[in-house]
Amino acid sequence: MMMFLSTRGLRFAQPTLQLIAACGCMIALANPASAYMAYVSNEKSNTVSVIDTDKLEVIKTIKVGQRPRGIELTKDGKFCLVAVGDDDTIQMIDTKTGEVTANLPSGPDPELFTLDPAGKVLYVANENDNTVTVIDMDKRVPLGEVQVGVEPEGMGLSPDGKILVNTSETTNMAHFIDTATRQIVANVLVDSRPRFAAFKSDGSELWVSAEVGGSVSIIDPVKHAVTGKITFAIAGLRSEAIQPVGISMTKDGKTAFVALGPANRVAVVDGKTHEVKKYLLVGQRVWHMAFTPDEKYLLTTNGISNDVSVIDVASLKAIKSIQVGELPWGVTITQH
Amino acid sequence: MIRFPALTLLILFGLTAAAVAAEPLDVKIGYLRRTAHPETISLTQMAPPDDGLAGAQMAAKDNDTTGRFLNQRFSLIDLHLKPDADPAAAMAQLADQGVSLVVADLPADALLKAADAGKARGMLFFNAAALDDRLRQQDCRANVIHTAPSRAMLADGLAQYLVWKKWNRWLLVTGSHERDKLYAAALKRAATRFGAKIVQEREFKDTGGARRTDSGVVQIQRQIPVFTQQAPDYDVLVAADESEVFASYLPYRTWDARPVAGSAGLMPTSWDASNGLWGGIQMQNRFIAQFRRLMTALDMQAWTAVRMIGEAVSRKNSADPKVIFDFLKSPQLALGAFKGQKLTLRDWDLQLRQPILLTDARTIVSVSPQEGFLHQYSELDTLGYDRPETKCKLQ
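Chains as they are written, first to last, in the working numbering: chain A, 7 to 342; chain F, 335 to 729.
It should be emphasised that the hints constitute simulated quantities derived from the structure, not laboratory data.
One thing to keep in mind: the hints can contain errors.
Sample of chain F residues with no beta-carbon within 12 angstroms of chain A, all distances over it, derived [said to hold, decoys possible]: (1) Pro358; (2) Met392; (3) Phe403; (4) Arg407; (5) Pro593; (6) Leu669; (7) Lys676; (8) Leu728.
When the alpha-carbon atoms are kept at most 27 angstroms apart in a straight line, the in silico BS3-like pairs for lysine-lysine are as follows [unchecked claim]: (9) Lys206(A) / Lys283(A); (10) Lys229(A) / Lys663(F); (11) Lys362(F) / Lys235(A); (12) Lys663(F) / Lys650(F); (13) Lys447(F) / Lys499(F); (14) Lys235(A) / Lys663(F).
Note that CB positions come from ideal geometry on N, CA and C, so glycine has one too.
Given these sequences and hints, build the entire structure.
In structure tokens, the structure reads:
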């Protein structure tokens, strides 16, 4: 394992050093933002790393259950929720004390999940069960479940909270679920192994990444039809290595970032034209991302290099890498 | 006048849509098997009675889950051929049941007979079991897709790793059966391709007898050191023993302290129950939940075949083997099969490109192609017979 890491790491050692050198002055010049905290799930370490996004360093490491992956904060910021798949639950970390205080009845092997805009209902993808579980956050009890395709993973909620989109990795579909009736209203085929679903903040488009297919489908959420497809090409990389997973879009919908997994890059995409503008070199096997609330920084989790890259959104540059636990998977950042 | 036909069309279209909604597209898949699973040296490696079939059943269930949303239904027809039965007659039997897609767990000759008999009926075959390179070379068929890796692919996957380890000097021990010799030939080809040297080849003769006996271990502990002594200097003992006669007895018993690879020790395979890479854990969990046993390579190869059919049917909404075949052969195919990348077909011999796992039956030690083995089109084409080497003429 170590030998594998070191031979691969060599190629990136040089640019990383330069980036770190460059970032020193960037930070010195930057105005201090209010302290936001980023929570990073480390799938192999069974921990959550807490990063101060002012200092851009890890200030705390929290022990959690087995195989933490999906991670999100409650709307009031009081709890960080983390899906610990091998323990078949979602744990609630009190953000004040940094301790796990409760477990949610998530159903088996929870992976990704999303909260409704009011923060009252949690929707969880259960990979082993072909279901989406609906949980009442006040009472912390399951409200019901929806049968979806094989290996549900991505979860995206429309901005008005009326439509939940779940992607199923082996069925290769985006399932549109009416959150009021909990019935599937439409199914849209996308490319192979869809991992992530994200709505534009105005609700006009749904973007779904396909990891094995190597594309992002743009879907019209009213017509339930694929209206466009983003593909990626990086000089010197075979198409098999380009595996889109996480998608993060700025609130104004103008810029989207797509994490390309083992391509070790994040693609910068024009939100309107869907044209790929740039590829940013980050750590190895980049999967998920989160913005600071001011959208100054975008943090990416890089599984194989065990670090988080910090992208400066204005200059579109990776300015720093922060070592976290082993196999960092997901990231979420406080909004207050 | 203008509106009238448009309205008629609308009604017709509506009726068709309603009819489709009422009648699901029925996709029948034959599962044809005659492989006699041999006795194995290891009790834990004995093939389960539903080896392969279970993988096909799980894929049919996966396809059905998707089919619920697309109004498609998949069914498997399991046909177990007796050793002396004529595969051609079985084809007629399957065709009469409306089956034109067949997943086969058959030895090479029986597979060719079945495929040739099914050709006139437009049947499409998926070879989930036979490793023979000749099925991808001179004996290839235009209606046979291979989800099983070939011996050359397995040998190349192993050789790349051994060369990466700089274990370049091999002592090759070959069994006395035909398929052992075929595997040895693939290993020799791999050694030549990747720069390893076979310092000596020895044959381990099958003299008959039981695979395991109560106090056999005492004798074996004395026999294997004697068999492996006086070898020229070597780095690794590579065994070709598909017949399960001796290879599992080699590790820890060789005269010189050397690792074993091939049919024992470090083994190349398409799948192993220990593989949790690339979401594989989900696959293992689902399989264990459904069948209460571990998933084998044959299960995976059969799963892949039935999933390929499901993938084509979901994209093309057709059960026509011609439509399915055209889709699978096209660059549109990007099959997800828990191998860390999309799988596609080689258009020159209809072999599914796939990484080769290297396992010691407890963990995944590595996955080939190894880093640094480059290819202008796909690194997966460093495994097996590449386009310029092919002897296959698809017809």
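Q) Looking at Phe403(F) again, its CB stays over 12 angstroms from all of chain A? A) violated, 4 angstroms
**Q.** Holds or violated: Lys447(F) to Lys499(F), with C-alpha atoms at most 27 angstroms apart
**A.** violated, 42 angstroms
Q.
Can you confirm whether the C-alpha distance between Lys362(F) and Lys235(A) stays at or below 27 angstroms?
A. violated, 33 angstroms
Q: Would you mind confirming whether the straight-line C-alpha gap from Lys235(A) to Lys663(F) stays at or under 27 angstroms?
A: Roughly 22 angstroms separates the two Cα atoms, so the pair holds.
Q) Going by Cβ atoms, does Arg407(F) stay more than 12 angstroms from chain A at every point? A) holds, 15 angstroms
Q | Assertion that Leu728(F) lies farther than 12 angstroms from chain A (Cβ) | A | holds, 24 angstroms
**Q.** Non-interface label on Pro593(F), tested against every C-beta of chain A at 12 angstroms
**A.** At about 17 angstroms from chain A, Pro593(F) clears the 12 angstroms cut-off, so the statement holds.
Q: Decide, holds or violated, for the assertion that all CB atoms of chain A are farther than 12 angstroms from the CB of Leu669(F).
A: Per Cβ check, Leu669(F) is inside 12 angstroms of chain A; nearest 7 angstroms; violated.
Q | Interface-negative label, Met392(F) against chain A, beta-carbon threshold 12 angstroms | A | violated, 10 angstroms
**Q.** Non-interface claim for Pro358(F), where every Cβ of chain A lies beyond 12 angstroms
**A.** holds, 15 angstroms
Q: Take the C-alpha atoms of Lys229(A) and Lys663(F), compute the straight-line distance between them, and say whether it is at most 27 angstroms.
A: violated, 31 angstroms
Q: Assess, step by step, whether the Cα of Lys663(F) is no farther than 27 angstroms from the Cα of Lys650(F), and give holds or violated.
A: Distance of about 13 angstroms is within 27 angstroms: holds.
Comparing the model with each numbered hint stated earlier shows that hints 2, 3, 6, 7, 10, 11 and 13 do not hold.
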